[in-house]
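K.L.:
Sequence:
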Amino acid sequence: MANHFRILSIDGGGIRGILPGQLMVALEKKLQEKSRNANARIADYFDMIAGTSTGGILTCLYLCPDSQDPLRPMFSAIQAVDLYLKYGKEIFKDNIRLKLQSLGGLTNEKYSVDFLEDLLKKYFKDTKLSQLLRPCLIPSYNIYARTTHFFTQHDAKASPGYDYALRDVARATSAAPTYFEPAHVYSLSGVSYPLVDGGVFANNPALCAYAEARHKYGSAGKNVTAADMFMVSIGTGSQKRAYEYNKAKDWGAIGWVQPVLDIMMSGASDTVDFQLQQIFQSDDSRQNYIRINPEIGEAEPEMDNASLENMQALKEAGIACSEKQNDKLEFIADYLINSSVVSV
Numbered sequence: 005m006a007n008h009f010r011i012l013s014i015d016g017g018g019i020r021g022i023l024p025g026q027l028m029v030a031l032e033k034k035l036q037e038k039s040r041n042a043n044a045r046i047a048d049y050f051d052m053i054a055g056t057s058t059g060g061i062l063t064c065l066y067l068c069p070d071s072q073d074p075l076r077p078m079f080s081a082i083q084a085v086d087l088y089l090k091y092g093k094e095i096f097k098d099n100i101r102l103k104l105q106s107l108g109g110l111t112n113e114k115y116s117v118d119f120l121e122d123l124l125k126k127y128f129k130d131t132k133l134s135q136l137l138r139p140c141l142i143p144s145y146n147i148y149a150r151t152t153h154f155f156t157q158h159d160a161k162a163s164p165g166y167d168y169a170l171r172d173v174a175r176a177t178s179a180a181p182t183y184f185e186p187a188h189v190y191s192l193s194g195v196s197y198p199l200v201d202g203g204v205f206a207n208n209p210a211l212c213a214y215a216e217a218r219h220k221y222g223s224a225g226k227n228v229t230a231a232d233m234f235m236v237s238i239g240t241g242s243q244k245r246a247y248e249y250n251k252a253k254d255w256g257a258i259g260w261v262q263p264v265l266d267i268m269m270s271g272a273s274d275t276v277d278f279q280l281q282q283i284f285q286s287d288d289s290r291q292n293y294i295r296i297n298p299e300i301g302e303a304e305p306e307m308d309n310a311s312l313e314n315m316q317a318l319k320e321a322g323i324a325c326s327e328k329q330n331d332k333l334e335f336i337a338d339y340l341i342n343s344s345v346v347s348v
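For the sequence shown, the numbering used here begins at 5 and goes up steadily by one.
I should point out that these hints are in silico values taken from the structure, not numbers from a laboratory. Be careful, since some hints might not be right.
[As the list claims (entries may be wrong)] Heads up, simulated EDC-like pairs for lysine to aspartate or glutamate below, C-alpha to C-alpha not over 20 Å straight-line:
| # | residue 1 | residue 2 |
| --- | --- | --- |
| 1 | K93 | E37 |
| 2 | K125 | D70 |
| 3 | K93 | E304 |
| 4 | K114 | E306 |
| 5 | K126 | E37 |
| 6 | K319 | D73 |
| 7 | K97 | E304 |
| 8 | K93 | E313 |
| 9 | K328 | E302 |
| 10 | K97 | E121 |
Please take these sequences and the hints and turn them into a complete structure.
P.N.:
And the structure:
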């Protein structure tokens with residue numbers, strides 16, 4: 005391949021999507037400065053974007069075409085993160101009646117999906133998955149068939165059976181159990197799917213993106229390998245909440261609900277990072293894989309803590325990470341500027 009196949013991957017994490025959102029604001033600004041093009045966008049410089057849950061929503065935002073200019077992105081990185089900063093408090097709005105009825109999410113979902121669904125419709129209107137500007141991979145999980153479900157632009161372009169309204173894709177990948185009810189979506193061929201958040205099995209979708217790229221995006225007679233890729237993987241916050249043994253040993257099913265979700269999501273993301281480090285290392289391409297997982301700073305780690313104070317703390321943590329990781333972002337921007345989109 006003349007150029008590396010460039011992949012951006014974004015983890016799930018609810019309102020903590022502000023963190024990768026801010027990093028992408030910093031990266032997009034560098035791309036604009038280095039290209040001397042104020043209209044440069046994230047989508048211009050990656051061959052595929054993968055995202056789970058909140059990362060899936062960001063993926064849809066970065067790749068959504070402008071209805072007035074279908075070859076250009078509708079949203080800038082600033083506009084993408086603004087979805088969280090402007091509407092996060094309404095997405096995760098406390099409903100006292102629902103909170104009491106659900107015992108804080110133990111017997112029913114914690115939040116109504118009405119506002120989120122209206123918001124996704126406002127942003128994406130009638131855009132289809134097949135119309136995205138670049139290939140994508142967005143995980144979800146089919147609770148009826150008990151199978152993984154991947155939304156991909158490549159397959160959506162090939163058949164209406166794999167195509168969906170983009171707002172339904174964003175809704176399905178972010179249908180976090182205990183927080184929101186499952187999504188019931190229909191493909192454009194009319195088949196229905198009951199789906200939940202892809203974070204239940206792939207909170208960090210980078211390894212899934214690697215597999216997808218190897219399978220589908222090689223040149224004639226040659227699959228893509230790690231040596232042919234340049235991957236940027238962005239997390240939604242590094243935080244190690246300690247669970248004390250003396251407390252945990254007496255937990256029952258209810259006591260373990262939230263810790264298990266936290267451990268599974270962070271553990272799965274860390275495992276994918278380890279696996280990809282080894283894959284790229286074994287191909288003598290360690291420099292082609294970059295993982296940035298911001299520290300959350302003074303912010304609270306709960307994925308549904310959308311108080312104005314916490315969202316501001318997350319924004320500040322994202323900005324601080326951008327400054328701390330400036331050398332990495334410079335390297336990424338320089339590489340992206342000096343390469344070109346691979347034809348897929």
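K.L.:
Could you run down the list of hints and mark each one as holding or not?
P.N.:
We went through each hint and held it up to the structure:
1. K93 / E37: At roughly 33 Å apart (the allowed maximum being 20 Å), E37 and K93 break the hint.
2. K125 / D70: With Cα atoms ~15 Å apart, K125 and D70 stay inside 20 Å; holds.
3. K93 / E304: holds (14 Å)
4. K114 / E306: The given pair, whose Cα atoms are some 13 Å apart, holds under the 20 Å limit.
5. K126 / E37: violated (31 Å)
6. K319 / D73: Between K319 and D73 the Cα gap is close to 30 Å, so the pair fails against 20 Å, i.e. violated.
7. K97 / E304: Holds - the C-alpha atoms of E304 and K97 are around 17 Å apart, at most 20 Å.
8. K93 / E313: It holds: about 11 Å lies between the C-alpha atoms, which stays within 20 Å.
9. K328 / E302: holds (16 Å)
10. K97 / E121: OK: K97 and E121 at ~14 Å, within 20 Å.
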